[in-house]
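K.L.:
Reassemble the complex: the two chains are provided individually, in unrelated frames, and hints are given to aid placement.
Here the protein sequences come in this chain order: A and B.
The opening residue of the first sequence carries number 8 in this note's numbering; numbering runs sequentially from there.
The opening residue of the second sequence carries number 1038 in this note's numbering; numbering runs sequentially from there.
Just so you know, the hints here were simulated from the structure itself, not pulled from any lab data.
Glycine included, C-beta positions come from ideal geometry on N, C-alpha and C.
Accuracy of the hints is not assured; some may be wrong.
[Stated by the list, open to error] Below, computed lysine to any residue pairings styled on SDA-like, alpha-carbon distance capped at 25 Å:
no.	chain 1	residue 1	chain 2	residue 2
1	B	1158	A	43
2	B	1270	A	241
3	B	1158	A	248
4	B	1158	B	1115
5	B	1158	A	58
6	A	67	A	54
7	B	1158	B	1129
[Unchecked claim] Derived, one-sided and incomplete: chain A residues facing chain B with beta-carbon distance under 10 Å:
no.	residue
8	61
9	65
10	69
11	119
12	127
13	199
14	224
15	249
[What the hints assert, rightly or not] A few chain A residues that face chain B, going by a derived Cβ cut-off under 10 Å, partial list only:
no.	residue
16	34
17	59
18	92
19	112
20	130
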Amino acid sequence: MHNNFSPLERLTRGLFLAFMLVWSVAPILFIVTSSFKRQVDIFVYPPKLLFMPTIDNYFKLMSQWQGFFTSLGNSMIVALGATLLAGIVSFFGGYAYSRYRSRFMSWTAIYMIAVRVLPPIVVTLPLFPVADTLGLSDTHLLLILLYATFWVSLNTMILKNFFDQIPSELDEAAYVDGASEWQLVTRILARLTLQGMAAGSIFVFIYAWNEYLFAMIFTTNTAKTAPLILSELMGAVDGTEWGVLFAGVTLQLVPVVLLVTLARRYLIAGLTAGAVKG
Amino acid sequence: MNSRPNLTAWFYLSPLHILLLAILTIPSLYVLWLSLNQSSYGTDLTWVGFENYRAVFTDTYFWRAALNTFFVVNGVVYVELLLGLALAILFVSGVPFRGVMFACILMPYAISEVVAVLVWKMMMDPNVGAIARAIEDMGLGAVNWSASPAMGLLLVGVINIWTHLPFTFLMIYAGLLAIDTALYEAAHIDGATRWQRFLRITLPLLVPTLLITLIFRLIFAFRMFSEVWLLTKGGPARMSEVLAVYLYQHGFRYGDFGIASATGWLMVIGSLLLASVFLIAMQRGMRGE
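Isolated chain B, as found in the complex (with noise of 0.2 Å):
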């Protein structure tokens, strides 16, 4: 049908709209605002121009946050998106128990990050944890990510790959099941080795998928916030902090917005420059209808 909109239209959308409006809209624009001005509790806004944003380049912890992101992230997502891909190519391919196997995959997506922290620090525990004393027992040294910030923030990246691998591999999966199973007979009639079927037929063709999967994650992870915040706090003095814990730090402790909304607007920035390449296809997408 496809009609031009009219008034029912806009009627049926609003509920959605006024949401985003509401919630997500306004409240960051009004975060640039105040990035522009300096206040905190129960005091009036001071407008300070680009101050709040050369404060937040001239910190060495905001820095410290912003690298910590930026190894925590690309860790964290190319990891995914490789084992994903592994076990994808796996279950098209063929498993046992194929409903068991996958649901058990599957499983960790359920766990909330709270519950996630509490049983990796657990099993990571250098004293009592069944993990940190295998390790120990391998002779690989003493597990103390508590004291090491590098160590704590590796720790952070295998909780986050526990919980979001269920989705990377999901996405992927999904991918392989699109691709046309009449061109892998074709190759095989011509002789390609299952090597040569992988390289020429499902990477080019998993592209797309890939690159949203991939798109989609480092937009999550670059907000992590929980793991980082319950597993060591942004510590020790604030060496494991990463960027939604610096803002969280200067916004809910400190009580300094400016700084707190300079970083937020950072943050947004970020993630739209992230996500621009999938609203650049979508919008050709859309036009293309």
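If we strip away everything but chain A, and leave its shape as in the complex, we get (with noise of 0.2 Å):
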């Protein structure tokens, strides 16, 4: 492309990215570097850049809070079972939708991505009850359940989309040599597709690891999520604490934000693929 800017639009897109970066990274590095300050110079005015670093709030994280670490397995439980369940089910479901096509199936696609607006705090009032009766409350399964239902939907748009681009003659030398279809698609396609299931994995990955709405009304005791313990202690947190909570927040956002910053071809593939060709 032809960009000659004028010393005067170099200015103003020099400014422009210079605050959407600060926007962006500040809120972060203000945890990140907070979990490392002693108390008295967290809430220093302004902010100090240069100080003495401490661990001792991970110190005190561990010796005082360990029921956030249980929170942070239970979160990993959770994401991971979300994770490898929407991967399985949309697999399934983006073969089925890219080789097999009747009026009736493009309803149900339609059917798909409908009910997947609807707002999910509706669903907890029937759901309630009867995730009590099934004794599914309060358990790793049920949130598993609930978060890889919320992404199928996109999740089997993108493999459909990877499907696609799978020539079916490929198909067809497959059966040739004599292959079933089962082990067409879970031997050949499947890692052929590895791509596509990477871009929406990584989707469910972050929902489930940072979901509140869900945890908080479905977990009580012992399926509880980090978010849901952070969102408690920022309650009740009283004026010494503010380090060891900046601490467990550092550790609850830095695996996910590695994840995005390694991971953000695969975020775009999976976005133009699952959302913006439908």
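P.N.:
Rendered as structure tokens:
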């Protein structure tokens, strides 16, 4: 492209970019640096960029708030479980929508997208007593089911697009070699759609790792996830414990920030395949 | 290949549709039934027809929540669309250290709403928050969002934009990348200025992307709950509630499932109306294939 920007344009662009960088990163930096500050340094105004770092907050976190580490573990179980479930379900769904076609099937695809727009809080009303009766309240399984369901629609569309790009001649060649449909799908096509599965998985993982509403309504004790614990600590923390809270927040956010940073290519691939092309 | 679906095809589709039916479709339809009945914890359903809807529509708190939702959703979504468009154009036309910059802009996408509320609450704390004190130092007056519903909702909007801008930016950026650069070359040869190229080429070709992004964001902002609940609990005096918070209060605090379900079903209708543009386009696309 042809971009001969005038000095004024350069300045405007530079300032805007700088503002957006500070806007995006400063709050995260504030959390992470505060977790390494002593209590007296956290709320100094103007904020100090140079300070004596300390890891006391992390030691305190380990000794006083062991429940937090359990909740991180719960988050990991739930996020991995939901990712896996959504991945498997969407993989087979994407295959079917790519290789089979009928008017009724197109309607089911539209229905699949339509139910995805329902607000999560609406289904909590009837699911709350049902989960109780089935003994699913406060279990990892319930959260896994809920989180996976809210992403199977988009992931199926993403995978359908990836399946569409595999020529059907490949299917036919496999059949000629004597492969069954099941073998074709699980042995050959699975390997060729790994990228699509990765793209979809990132969305599910981030969502499940960070989700608050379902976790608040459906967990009370054993399955509490990290965001829920953090929200409770946020309300309960007294004047001297902010550093410890920030240490917990840092541990919660670092894995997903790394994931987003390293896998941004897949995020774009997923969004273009799943949403823009419909 | 595109065969007609046989039993195997439905076998591959069944896990997907069982999940959707069990977790989304049947519960939502049951909410419709609940909304036509009166019930609470441990009581049986009593048929009341449209009584719950009448109660909802005559409740001033409902209208307060509906208006709040309307203002926050619209404020958030259009600001986001503008910022996302500007950022996407900036990135497409070249920025230094592109990879690093890109990663930085995307970072808030990884942050939980809980954490986002926590950090913004800290930074905007009237006594110790860095941003709040900077605003005060600039002579713009004291920041006291916890006492004023409007200010509280403004902060909710800021937090919402902060967490969702990466998504909006990514969608528009992906749309921009899909535009054929040969068009720009041709326009350049014809002597079009950059502004003309933007208005005549970029913007018209970007309309479908912008529309889809807009609908997605409207739907997702419409269900907003956590930011409001964690920041203001809907207060002071229920003045900063949004629809999802109104529903939660009635369903889980007051135990009035009829009112909560009526609100829920109204939200379902609202979401489906917002989505209908997208669904109609998608249905045409599927037929066209």
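K.L.:
Hints first: check each against the structure and report whether it holds.
P.N.:
Verification of the hints:
Our distance criterion of 25 Å between C-alpha atoms is met by residue 1158/B and residue 43/A, whose separation comes to about 19 Å. Proximity of residue 1270/B to residue 241/A is assessed by CA-CA distance (about 14 Å); at most 25 Å being required, the pair is judged to hold. For the hint linking residue 1158/B to residue 248/A, the alpha-carbon distance of about 16 Å falls within 25 Å, and the restraint holds. Between residue 1158/B and residue 1115/B, the direct Cα distance comes to roughly 23 Å. Compliance with the 25 Å bound is thereby established for this hinted pair.
A distance of roughly 23 Å separates the Cα atoms of residue 1158/B and residue 58/A; the hinted pair therefore holds under the 25 Å criterion. Pair hint residue 67/A plus residue 54/A holds up; C-alpha atoms about 23 Å apart against a cutoff of 25 Å. Restraint check for residue 1158/B and residue 1129/B: not satisfied, since their Cα atoms lie roughly 34 Å apart, outside the 25 Å limit. Checking residue 61/A against chain B by beta carbon gives a least distance of about 19 Å; that is not within 10 Å, so the hint is violated.
With 10 Å as the threshold, the beta carbon of residue 65/A stays out of range of chain B, its nearest partner Cβ sitting at about 17 Å, so the hint is violated. At about 20 Å, the closest approach between the beta carbon of residue 69/A and any beta carbon in chain B exceeds 10 Å, and the interface hint on this residue is violated. Given the 10 Å rule on beta carbons, the hint for residue 119/A holds: about 6 Å separates it from the nearest Cβ of chain B. At a threshold of 10 Å, the smallest CB-CB gap from residue 127/A to chain B is about 7 Å, leaving the interface hint in force.
At a threshold of 10 Å, the smallest CB-CB gap from residue 199/A to chain B is about 15 Å, leaving the interface hint violated. The interface hint given for residue 224/A holds, since its Cβ lies 7 Å from the closest Cβ of chain B, which is under the 10 Å cut-off. Interface restraint check: residue 249/A against chain B, minimum CB-CB distance 8 Å, threshold 10 Å, status holds. For residue 34/A, the interface hint holds, since its Cβ comes within 10 Å of a Cβ in chain B; the closest pair sits about 5 Å apart.
Interface hint status for residue 59/A: violated, as the beta-carbon distance to the closest one in chain B is roughly 19 Å, over 10 Å. Evaluation of the residue 92/A hint against chain B yields a held restraint, the C-beta minimum of about 8 Å falling below 10 Å. For residue 112/A, the suggested interface contact is upheld, since its CB lies about 6 Å from the closest CB of chain B, less than 10 Å. Contact between residue 130/A and chain B, as hinted, is supported at the beta carbon level, the nearest pair being about 4 Å apart and thus within 10 Å.
Of the hints listed earlier, those the structure fails to meet are numbers 7, 8, 9, 10, 13 and 17, in rising order.
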